[in-house]
Structure formats: C-alpha cells, structure tokens
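Just need the whole structure built from these sequences, with the hints factored in.
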Amino acid sequence: MIVPTNAIPPLQCLRAFLAVAQFGNFTRAAEALGLTQTAVSHQISQLETHIGAPVFARNRPNVQLTDLGRKLLPRVESGLNDVWEAFKEVQNSDNTQLVVVSASPEFCTQWLAPRLEKFFNLFPSISVSMVPEYRRADLDTGEANAAIWLGAGDKDLSATRLGVEQEFAVCSPELALKLPKWSAMSVAPLLQYAGARHTVLDWERWFQQLYGVALSEYEFGSKYEYAPVFDKFSDMITACKRSEGFALVRSSLVADELSTGQLVRCFDESVTSDLHYHIVTLPKALSRPEVEQFRQWIEAEAAAGETVL
Numbered sequence: 001m002i003v004p005t006n007a008i009p010p011l012q013c014l015r016a017f018l019a020v021a022q023f024g025n026f027t028r029a030a031e032a033l034g035l036t037q038t039a040v041s042h043q044i045s046q047l048e049t050h051i052g053a054p055v056f057a058r059n060r061p062n063v064q065l066t067d068l069g070r071k072l073l074p075r076v077e078s079g080l081n082d083v084w085e086a087f088k089e090v091q092n093s094d095n096t097q098l099v100v101v102s103a104s105p106e107f108c109t110q111w112l113a114p115r116l117e118k119f120f121n122l123f124p125s126i127s128v129s130m131v132p133e134y135r136r137a138d139l140d141t142g143e144a145n146a147a148i149w150l151g152a153g154d155k156d157l158s159a160t161r162l163g164v165e166q167e168f169a170v171c172s173p174e175l176a177l178k179l180p181k182w183s184a185m186s187v188a189p190l191l192q193y194a195g196a197r198h199t200v201l202d203w204e205r206w207f208q209q210l211y212g213v214a215l216s217e218y219e220f221g222s223k224y225e226y227a228p229v230f231d232k233f234s235d236m237i238t239a240c241k242r243s244e245g246f247a248l249v250r251s252s253l254v255a256d257e258l259s260t261g262q263l264v265r266c267f268d269e270s271v272t273s274d275l276h277y278h279i280v281t282l283p284k285a286l287s288r289p290e291v292e293q294f295r296q297w298i299e300a301e302a303a304a305g306e307t308v309l
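Quick note on this note's numbering: the sequence shown kicks off at 1 and runs consecutively.
Where hints are given, some of them may not hold.
Each computed BS3-like pair below joins lysine-lysine, with the alpha-carbon atoms no more than 27 angstroms apart [unchecked claim]:
| id | residue 1 | residue 2 |
| --- | --- | --- |
| 1 | Lys118 | Lys178 |
| 2 | Lys181 | Lys241 |
| 3 | Lys118 | Lys241 |
| 4 | Lys223 | Lys181 |
| 5 | Lys155 | Lys284 |
| 6 | Lys223 | Lys118 |
| 7 | Lys178 | Lys241 |
| 8 | Lys118 | Lys232 |
| 9 | Lys223 | Lys241 |
Cβ pair distances, simulated, as ranges [unchecked claim]:
| id | residue 1 | residue 2 | range |
| --- | --- | --- | --- |
| 10 | Ser129 | Thr260 | 20 to 30 angstroms |
| 11 | Pro74 | Glu269 | 51 to 61 angstroms |
| 12 | Arg136 | Gln46 | 23 to 33 angstroms |
What the hints contain is simulated information worked out from the structure, not anything from laboratory work. Beta carbons are placed, not taken as given, at the ideal position from N, Cα and C, and that holds for glycine.
Set out below in structure tokens:
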C-alpha cells in the first residue's frame, strides 16, 4: 500500500504531540525534546492544521487533551512504537547491534557526533543511535542503553566520570587580537544560550564564583540583558566563531574548536565546574558486549581529549 504524501503529518509533530500529552505542558515537553517552546507550539499547530481540529485545550499554564486528542493518543503511541520496534529489529539484523545513547543536545552536537566515525571504524558491527534530550532517560525501562549526564545519577547506576570540566570564556582568534588590556569584556557581547539552566553555564553565576560580586557591578553588566540569546548551543558557538561576542563554555564542548584554532581562550579566568559529564548505564547493561565496548571507547576518547586540553 502506498500512503498518500499528505495523509500523515510530519514525524516531529507526532513526537511533540506525545510529549505534550505526557507532560501536559508545552515548556516541559520542549525541555524533554531538546527544543524551544515556540518550536513545539508550532509543531502542535501544524498537527492541528493537518487534522482540521484542536487536539489540546489551552488552559495556562497547562493543557489538556480534547476528546479528539484522547482518541488519537493511543493510536499514535502504538503506531510510533511499532515503527521504532521495526527499525530496532532491522538495525539488529545481520549481526548489527544497536546502542541507544541519551545525551544533552549540546553534548551530542559538540562532542559525541564528531567522534562517532572513529567508533564505527573500530566497531563496524555496532550501530549507535543518539537521543538528544535534557530529560534523563529511564534506563530501567530500556529508553536508552547508556546516557551521558552532568552528574552520576542514582547510586544504583554504574557511572564513570569522563573528565574534569573547566568553565571559561572563548572567542574567535580575530576578536582576541583586538582585546585591550583593561575592560576587555566590554568590547563584545556576552553571548547567551537559552538552555543555560541545563548546562549550568550562566555568566552571572560564573562572575559571582570568580569575583564574589554580581555581573551588574561591572560597566558592561548592564548590556548583558540585551546580549544575543541562541536557542541552540551550536548556533551560539557559530556566532562566536564569527567574532560576534564571547561564549561561556565547558572545556569538553569546545575541545575540537580549541584544538583546531577556531576558538581561543581569551581570558585567564577559569572555574572548575561543580558538575562533570558521566557515562551512565545500568550495571546489568554492561554484560552486553556492545554497551561495554561503547563505554570503554567513550572513556578512552574523553581521556585522550583531556591530555590535549
């Protein structure tokens, strides 16, 4: 059977529908999906336009399923689950083993994705599926085989720290050449990431830790609230490379950019983070060779990166 092109709404709309139905709140659903609230709202609107009727009743701050939404929910859940199971079976056929890894969006884009080719070259029979999300995956129910978290998680989990994270400011090499000896941070905006609460990379907290005074105490502090805010960490880093301002980062998230000279540490000030990335699994999951091989590989990659930094 050939399904008409316009018969089914985009997959991201259905994922957004399930997330909002689960949390009853657009903001929490967006956090779980690693998206902005605006993006999730747009996807739900796109779904409702496709159907021709609302699936949620908006009652701030929460939302409830309409009668149509309640009718649709179990069918969408069942359908997407069947598709997921089918792909897992295919990916695990021909001796290919799948490892599902949950990690924050910025860790996926900045650290894990650029290194996966090395892993595939070493272990061609293992497939890795990344799930970019801030929500902590439920490892007990099999949502993921492994996770990368800031912190070790529950004591019943197996967790290994991937290194010691430093927090510091970076900028482009071109901007660094223009910095004066005094009040250098007043030269360009302090770029902001909308997900700072998840990464714990916040300029105000960083200044407070370093100097014990609020950012507003500095002459450039008043400009901070007007500085550009980026929905994606990678977009902020791209803007930083274009000399549009300074970015507050963790050492692992810009390891590649620093090693290739695309970004530089523009100030001596640095803070050892209170939180560090860990590879987290269920102890029983390590009995699966593909999960254990992924764990060993990511620990070795992280150790190699630390020697560079």
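Evaluation of the provided hints:
1. Lys118 to Lys178: violated, 37 angstroms
2. Lys181 to Lys241: holds, 21 angstroms
3. Lys118 to Lys241: holds, 25 angstroms
4. Lys223 to Lys181: Judged against 27 angstroms, a Cα distance of about 20 angstroms means the pair holds.
5. Lys155 to Lys284: holds, 14 angstroms
6. Lys223 to Lys118: violated, 43 angstroms
7. Lys178 to Lys241: holds, 14 angstroms
8. Lys118 to Lys232: Answer holds: Lys118 to Lys232 is near 25 angstroms, not above 27 angstroms.
9. Lys223 to Lys241: Judged against 27 angstroms, a Cα distance of about 21 angstroms means the pair holds.
10. Ser129 to Thr260: 20 to 30 angstroms: holds, 27 angstroms
11. Pro74 to Glu269: 51 to 61 angstroms: The hint (51 to 61 angstroms, Cβ to Cβ) holds, given that Pro74 and Glu269 are roughly 54 angstroms apart.
12. Arg136 to Gln46: 23 to 33 angstroms: Taking Cβ atoms as reference, Arg136 and Gln46 lie about 28 angstroms apart, which means the hint holds.
Hint compliance for this structure: hints 1, 6 are not met, and every other hint is.
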